[in-house]
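A.B. asks: Required output: the full structure, derived from the provided sequences and hints.
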Amino acid sequence: MGTNPPVDDWATDYDIFDEDYVKDPFPVWDELREKCPIAHTERWGGSWLPTRYEDLQALVRMVPELSSRNVLVVSQKREDREFDPVLAEYGNSAPPITSDPPDHVPMRRMLLPLFSPKATEAHRPFTEALCHELIDGFIEKGTCDAALDYAVHIPAKTIAKVIGVDVERTDEFVSWIRGLLEEGNTDLEKRNKYNGILRQFFGELVDARKAAPRDDLISHLLAQEVNGQPVARNAVIGMCNLLLVAGIDTTWSSLGSALLHFATHPEHRRRMATEPDLFPSAIEEMLRVYAPVTMAREVTEEVKVGDVTFQPGDKVLLNFPAANHDPAAFEDADKVILDRKKNRHIAFGVGSHRCAGSNLARMEMDVALRVWFERIPEFQLTDPDAVTWVGGQVRGPRHLPFKF
Amino acid sequence: MRVKVDADKCEGHNRCCALAPELFDVDDYGTATALNDGNVPPELEEKAKLAVQNCPEYAIEFVKD
Ligand code: HEM
Ligand code: SF4
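Residue numbers (this note's numbering), protein chains in the order written: chain E, 1 to 404; chain U, 1001 to 1065.
Hints are not guaranteed to be accurate.
In silico DSS-like links for lysine-lysine, alpha-carbon gap of 25 Å or less [stated by the list, open to error]: (1) E:342 - U:1009; (2) E:35 - E:23; (3) U:1049 - U:1064; (4) E:118 - U:1004; (5) U:1009 - E:118; (6) E:341 - U:1064; (7) E:190 - E:23; (8) U:1047 - U:1064; (9) E:342 - U:1004; (10) E:304 - E:35; (11) U:1009 - U:1064; (12) E:161 - E:210; (13) E:341 - U:1049; (14) E:341 - U:1004; (15) E:118 - U:1047; (16) E:342 - U:1049; (17) E:341 - U:1009.
To be clear, the hints were calculated from the coordinates, so they are not data collected in a lab.
C.D. replies: Encoded structure:
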């Protein structure tokens, strides 16, 4: 990161990995939204960056002109992927996130019942016990890194339990995912390496469950049919891979941003500590304001959106976070309003690829914040300069030194 | 007052059900339906309005009887 020349003109030469932009993208989005509103860059392989809520709502519905076959914000050449031996063996798709019609809906429907509100609530006691255990680990000290000692473990251990993989190995899983999504964002060799590690891990597990089914998520997926045919092995490997990758960096980021917000806004912190009824709307507001995820689409047919024309092969970044700050869609869009009534935010995306884990992520945020405020109602950031950020695909804080 | 969910637009964000569980239910695939034929008793009108205003897919509408 930070190796590229500085940006002069964000409308024609933006850099999603610019250090200041990663820390504070909001002024850039506000300016682009008013003046541009769909920016373009040649950096990082070239892409388009929409900023208006209305445009995002329209773009997600342009299927199949905008394809999900390539959802990472920086692309890799097709040849590089195909010659990788691990990816050749275990596949490189991650259904349903990389699926288009007609495969998308049947793949997605395999997952949805496993992450319904009811199915998700069943995991609440596990997550609650976990949050208490994490806080037990540092509360006596009076300090912690809220990103590394708390927020990261909640989605990591919860999804490990849901998938049925070793909950004790999550530090390793997190390092793979960071290799893939954070370092691998700009370093394609790293991306391949960690993608390979993840594929091989799930490949071996899927083959083991195929040989000897258990009462777990992988065996359940393997028993499913798609259009009357047993689901392909590599589709299940890709799905498991996606579940682990999609749920950790994302929820970690939302939760970390929320904790940082409350550490630095005493009035809001006090309200959270004393008004438990505020949680549902406050969590939605945190999701809106600090939406972490930008997904990409690859253009397959020429389409015109407003004043710009996307050509086949172009990449479009679905900038859900910027849409969530559009004053045309949100009253006082730049203000954090914990009891905001009208909040049609799209942090979990919108349209046919709506985050399949949104119920799980909401449960995790609710539990993590409730337990935190119950045990640690007063807390502060010790050193604002020590806060570090990652961005690009998923934006969130990675170091949060707190005292309480 | 009545509410209606357009099942073709609904993508299962579950916002309606979270905000107004008396008025909406979602199935295992996330598709929402309005309970009681969509009838909204006067004391739930505020909640119905919230559901309409928070659905990211614009899938919920008020209908006149
Ligand atoms: C706050 C946390 C999270 C955020 C902000 C988030 C955001 C998103 C977004 C924006 C998409 C849309 C992708 C697109 O349009 O291409 C998505 C898809 C998805 N997410 Fe999440 N996510 C979160 C947590 C999770 C969790 C915990 C899981 C675990 C199961 C998960 C699993 C998925 C899956 C499977 C998809 C693909 C759905 C499809 O393509 O049909 N996410 N997520
Ligand atoms: S909020 Fe809208 S999209 Fe979500 S479940 Fe309800 S009707 Fe469906």
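A.B. asks: Take the hints in turn and mark each one as holding or not.
C.D. replies: Here's how the hints hold up against the structure:
About 19 Å separates the Cα atoms of residue 342 of chain E and residue 1009 of chain U, which keeps this hinted pair within 25 Å; it holds. Our distance criterion of 25 Å between C-alpha atoms is met by residue 35 of chain E and residue 23 of chain E, whose separation comes to about 22 Å. Between the alpha carbons of residue 1049 of chain U and residue 1064 of chain U the distance comes to roughly 14 Å, so the proposed pair stays at or under 25 Å and holds. For the hint linking residue 118 of chain E to residue 1004 of chain U, the alpha-carbon distance of about 23 Å falls within 25 Å, and the restraint holds.
With a C-alpha separation of about 22 Å, the suggested pairing of residue 1009 of chain U with residue 118 of chain E holds against the 25 Å cut-off. For a cut-off of 25 Å, the pair hint linking residue 341 of chain E to residue 1064 of chain U stands: about 24 Å separates their Cα positions. For the hint pairing residue 190 of chain E with residue 23 of chain E, the CA-to-CA distance comes to about 23 Å; that is within 25 Å, so the pair holds. Restraint check for residue 1047 of chain U and residue 1064 of chain U: satisfied, since their Cα atoms lie roughly 17 Å apart, inside the 25 Å limit.
With a CA separation close to 19 Å, the supplied pair residue 342 of chain E and residue 1004 of chain U stays within the 25 Å bound. Annotation: proposed proximity of residue 304 of chain E to residue 35 of chain E holds, straight-line Cα distance about 18 Å (limit 25 Å). A hinted pair counts as satisfied when its Cα atoms are at most 25 Å apart, and residue 1009 of chain U with residue 1064 of chain U qualifies at roughly 20 Å. Using a Cα cut-off of 25 Å, the hinted pair residue 161 of chain E and residue 210 of chain E holds, with the two alpha carbons roughly 19 Å apart.
Annotation: proposed proximity of residue 341 of chain E to residue 1049 of chain U holds, straight-line Cα distance about 10 Å (limit 25 Å). With a C-alpha separation of about 20 Å, the suggested pairing of residue 341 of chain E with residue 1004 of chain U holds against the 25 Å cut-off. Taken as a hint, the residue 118 of chain E and residue 1047 of chain U pair is honoured in the structure, with Cα atoms around 21 Å apart against an allowance of 25 Å. With a C-alpha separation of about 9 Å, the suggested pairing of residue 342 of chain E with residue 1049 of chain U holds against the 25 Å cut-off.
For the hint linking residue 341 of chain E to residue 1009 of chain U, the alpha-carbon distance of about 22 Å falls within 25 Å, and the restraint holds.
Violated hints: none; the structure is consistent with every hint.
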